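> Residues per chain are reported as follows:
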Amino acid sequence: MTLITYRDAVRDALREEMHRDPRVFIMGEEVGVWGGSYAVTQNMLREFGDKRVRDTPIAEGIIVGAGIGAAMGGLRPVCELMTVNFGLLASDMLINHAAKLHYMFAGQVKVPLVVRAVGGSGRQLAATHSQSLEVLFAYIPGLKVVMPATPYDAKGLLKAAIRDDDPVLYIEHSLLYPIKGEVPTGDYLVPIGASDIKREGKDVTIIAWSRMVHVALQAAEILGREGISAEVVDLRTLRPLDMEPVIRSFMKTNHAIVVEEDWRTFGIGAEVAVQIYEQAFGYLDAPIVRCAGAEVPMPYAKNLEALAVPTAGDVVRAAKELIG
Amino acid sequence: MDLNQDRLVSMYRQMVLIRRFEERAADFYREGKIGGFLHLYIGEEAVGVGAIAALEPQDYIVTHYRDHGHALARGLDPKRLMAELLGRATGVSGGKGGSMHLADVSKGFWGGYGIVGGHIALAVGLALSAQYLDENRVVLCIFGEGSTNIGYFHEALNLASLWKLPVVFLCENNLYGMGTAVERASAVPSVAAKACAYNIPATRIDGMNISTVYEAAALAVAHVRSGQGPYLIEAMCYRFPGHSMGDPERYRSKDEVDRYREQDPILMLGKQLESQGILDEGGLEQIDHDVSKVIEAVAVFADQSHAPAPEALHEHVYAHPLNHREGAA
Amino acid sequence: MATKIIMPKLGFDMATGKIVRWLKREGDPVRKGEPLLEIETDKATVELEATADGVLEKILVGESVEVPVGDPVGEIVSPTERNTGTGQPAGKTPLSAATGMMAAPVAVASPPVTAPAAQSRLSSRLDASPLAKRMAAELGIDLQRVEGSGPGGRITKEDIETYQVTMKVVPALPMATEEPKVAGASAEGKPLSRMRQTIARRMAESKGPVPQFYLTTDVDMAPGMVVVNQLNEAGKGEDLRVSPLSLVMRASALALRKYPNLNASFGGDRLIMHDDVNVGVAVAVEGGLLTPVIAHCDQKSVAEIARQTRAAAERARSGKLSRDDLTQGTFSVSNLGAYDIDHFVAIVNPPEAAIMAIGTAREVPIVDGGQVRVSLRMKLTLSADHRVTDGAEAARFLQEVKRLLQSPLSLFL
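Chains as they are written, first to last, in the working numbering: chain A, 1 to 324; chain B, 1 to 329; chain C, 1 to 413.
Keep in mind that the hints were calculated from the coordinates and are not lab data.
Note that this is a predicted model, so its numbers are computed, not measured.
Among these hints, one or two may not hold up.
Claimed, not checked - Listed below are the simulated DSS-like cross-link pairs for lysine-lysine, each with C-alpha atoms no more than 25 Å apart in a straight line: (1) Lys133/C / Lys320/A; (2) Lys198/A / Lys320/A; (3) Lys159/A / Lys202/A; (4) Lys18/C / Lys202/A; (5) Lys202/A / Lys133/C; (6) Lys300/C / Lys402/C; (7) Lys293/B / Lys254/B; (8) Lys107/B / Lys110/A; (9) Lys202/A / Lys320/A; (10) Lys320/C / Lys32/C; (11) Lys252/A / Lys159/A; (12) Lys180/A / Lys110/A; (13) Lys252/A / Lys202/A; (14) Lys157/C / Lys320/A; (15) Lys180/A / Lys159/A; (16) Lys180/A / Lys198/A; (17) Lys258/C / Lys320/C; (18) Lys198/A / Lys252/A; (19) Lys252/A / Lys157/C; (20) Lys293/B / Lys271/B; (21) Lys133/C / Lys18/C; (22) Lys24/C / Lys58/C; (23) Lys252/A / Lys133/C; (24) Lys51/A / Lys271/B.
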């Protein structure tokens, strides 16, 4: 095991997969000369050359469109969209094309494409650059959506995504890049579609993904000191959504809080909650609680931005109210 | 690049096949056996047949939703194409795609696409794979003039030109994007002129003349295959029926349609074959007769095929059935 | 607007009611306040009054049928609606349109003793978490008996667990898994009345899970009887009938004030202390036993207690007890003084913590200062929940009751 940052974990996954499989290549905005707008692909142009590390014009439609076509043609492209907000310009490609071709052509076409994008807030980038849009894509059958929270998961999931035969949207969180975690030295995969217990507990199940996993863990720590034992489930993959660990945990704790950076209304938490209702109704001892982003376009001002995103304090308060 | 006599006869036969196929499809539509939209290729046969004739077997085709003619020209099984139109399990796309989404990847036919312009981006990606893998493939990307006002067209031409990708852009300019005349939709009505903006060589040709189409396509394919980057052909053509079944056709006069019908590409190639002494009237009639027999069998096959099994509903959403707990930590 | 007639909840543990008979037929005009039907609950038979003028449009549930509380049993439609046909078809009445009024329960053939305010069905719905409901169903716990500690009184898992510990619930006893075969017994057996069923269930719940202990003392009732006789003499005009029972109730109530632990209920991890001192009196009635409650006995005079006890007993015997008569007891007394019983042990009436059994006051020889003399003695036996109290405390309580009875003027302070 080595202690590396989330950023390094993503880069290592890319590098290892590119060394393993010559069909894997990177294309996107500023991935080459610049080294990635979040420095993920630093030095990779030098290592792999411009055939495999391809700077593109700022044109998300064609970045993803060409990625889909290249994947159809037998390559394993990793397209970088800089941020998920720009992914909206490629949403037709992801939703109307990547997600549909395998089905519409009855299995004749495969789209082993990975689209990497940065999501979430926290860097004072204001309304159009701070969104958590995962729900838009997780809604679509045919797409897979993963959002790792730790360096271990970031590396294992990206490698799994690159080897997957379906289109995968891989959303990173810019605030996670500097966090460090233990990662095995050898090759390993984290399966897509497998939620993970990040902390065990018995009184309340806190469900989160991406950066909110860390908020949940922090809250669990505080709650633990106050005698409330919280279990933290990291969804890791939003589609296909693995509810099994959530349900199992919930059957034990009978209380659930979903912590989500996205907006509450129609958010992922709503889906998680209703699946708990559907699958574990008889285990509910209290309504399911959502700690979610404020329903506003993200403001620029630092204090306002902080108010718009759930904090460990919010989760602690919610848990105390829930457990009573 | 002359076409030999056999090639011309074969192309004539393909055009007749397309014409009769489309007519039978229209009948099925009227009988209520084809649902959704049905876009007929009648009148534009020379473009598809002529251009596709210039491709090699390893080359790829990506096209728009008026795709029956291209599929037939590429040699896809007409029975399975008609079955797809009828939504049957024997269809090329298993009955899940329908008229707009015909595909047979084994023949390099990567599909018809229903989102106007979207497939132009995919074609560029396929060309990228061909270039990356050094496969000596050319991608023929067919689209209508109506899609050249969409961002994808411009993004795709830009990237293809920038990266010198092996793609032939073939615009079927039938003068109307649905019911909107090209002059009413494009500030630059010449699609060939738009290619200049991306430093892509382009030519505008008479798409009703199959020899012209074939020759232009052959030049374009050669250019692209040589690694010099993309090429664009704007083939001027005309569709005789409406945009799709049930088009009220308020945007054009019957006279206009009649005038273009005089240039019917099948009629013109027939005359050429006769005047060059390749086929006499009896020979042309024989082809028509043979094709009609084929279409009869096609219709029977399609009509008698079964609808997809209910289990097909959940098949092919993902490449592998989701078994996502497998190997979970 | 159709008015639904809904099976009302007439007791804290009433889950169903049985329709004895309809007093009106479909199509009969009814006036607000007029008796519509009779229902039998665990406790009594009561009449339900119409809550609206109109016509009894529909009888949804026939006679002898048991209906869950809150379920509609019939429908009243105003005459205008009936004529114009604007009434909603039965079953399609939107909840918001229907008034969902319960028929007001009244004791048979008497002015309304208690007419509970009309309640909507929703507000009377028991609030319990789905988990609590499932656990209760699995454990055979009647949720009506469980106190909710969640928001708005919602019953949660914890409450069920508490209750379970309190009551050591065994899955509700099916009445008899194997019918005992007795020579000469009729084949069908005699079905238990609802009251018998309730008594059987509750007594079993008590003797089974409630660890009880018993203390007996002997009270000199000579001074008490003097007071009783004087009071009855003074109240002759109004036919006042004070008895040793009245004194014991008053004495118990005052003693409970002093020993509040006996005026409590076991709550699993805590004692639930009751603010009021409400004493239930076991009354033998045809086919069983009822325990009407005299509220605030610590604040009532002996005469008042006597008056209320007598009235309640009469109501019990005529099946006219109201909901208020039967709920909120915190302590009980059982008096077999009239049956020539020296001494007996009563069974604690859960969730109360104790019950006092009163035997017959009789003249017996006692040894007093080396002399044998005749004394009027009465035996009191206290049964108490050992989870709530212990022998010493219970003994002190009993001593206090005895002291009060033996210096009866203190009952009038």
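> Compare the structure with each hint and give your call.
Okay, the hints, checked on the actual structure:
Restraint check for Lys133/C and Lys320/A: the C-alpha separation of about 23 Å stays at or below 25 Å, so the hint holds. A threshold of 25 Å between alpha carbons decides the hint, and for Lys198/A with Lys320/A the separation of about 20 Å falls inside it, so the pair holds. A hinted pair counts as satisfied when its Cα atoms are at most 25 Å apart, and Lys159/A with Lys202/A does not qualify at roughly 33 Å. Taken as a hint, the Lys18/C and Lys202/A pair is broken in the structure, with Cα atoms around 44 Å apart against an allowance of 25 Å.
Using a Cα cut-off of 25 Å, the hinted pair Lys202/A and Lys133/C holds, with the two alpha carbons roughly 21 Å apart. For the given pair, Lys300/C sits about 19 Å from Lys402/C by alpha-carbon distance, which is consistent with the 25 Å threshold. Between Lys293/B and Lys254/B the alpha-carbon distance is near 31 Å, which puts this suggested pair outside the 25 Å criterion. With a C-alpha separation of about 16 Å, the suggested pair Lys107/B and Lys110/A falls inside the 25 Å cut-off, and the hint holds.
Pair hint Lys202/A plus Lys320/A holds up; C-alpha atoms about 14 Å apart against a cutoff of 25 Å. As the CA atoms of Lys320/C and Lys32/C are separated by approximately 21 Å, the hinted pair is consistent with the 25 Å bound. The hinted pair formed by Lys252/A and Lys159/A fails the criterion: a straight-line CA distance of about 33 Å is larger than 25 Å. The straight-line distance between the Cα atoms of Lys180/A and Lys110/A is roughly 35 Å, outside the 25 Å bound, and the hint therefore fails.
Taking the CA atoms of Lys252/A and Lys202/A, the gap is near 6 Å; set against the 25 Å cutoff, the hint holds. Distance hint between Lys157/C and Lys320/A is fulfilled; the C-alpha atoms sit about 16 Å from each other, no more than 25 Å. Distance restraint check for Lys180/A and Lys159/A: the Cα-Cα separation of roughly 18 Å lies within the 25 Å cut-off, and the hinted pair is therefore satisfied. With a C-alpha separation of about 15 Å, the suggested pair Lys180/A and Lys198/A falls inside the 25 Å cut-off, and the hint holds.
For a cut-off of 25 Å, the pair hint linking Lys258/C to Lys320/C is broken: about 34 Å separates their Cα positions. At roughly 16 Å between alpha-carbon atoms, Lys198/A and Lys252/A fall within 25 Å of each other, so this suggested pair holds. A threshold of 25 Å between alpha carbons decides the hint, and for Lys252/A with Lys157/C the separation of about 12 Å falls inside it, so the pair holds. A C-alpha spacing of about 23 Å is found between Lys293/B and Lys271/B, which places the hinted pair at or below 25 Å, so the restraint holds.
Annotation: proposed proximity of Lys133/C to Lys18/C holds, straight-line Cα distance about 24 Å (limit 25 Å). This hinted pair checks out: Lys24/C and Lys58/C have alpha carbons roughly 10 Å apart, not beyond 25 Å. Between Lys252/A and Lys133/C the alpha-carbon distance is near 16 Å, which keeps this suggested pair within the 25 Å criterion. For the proposed pair Lys51/A and Lys271/B, the alpha carbon gap of about 51 Å is over 25 Å, so the pair is violated.
Consistency note: the structure conflicts with the earlier hints numbered 3, 4, 7, 11, 12, 17, 24.
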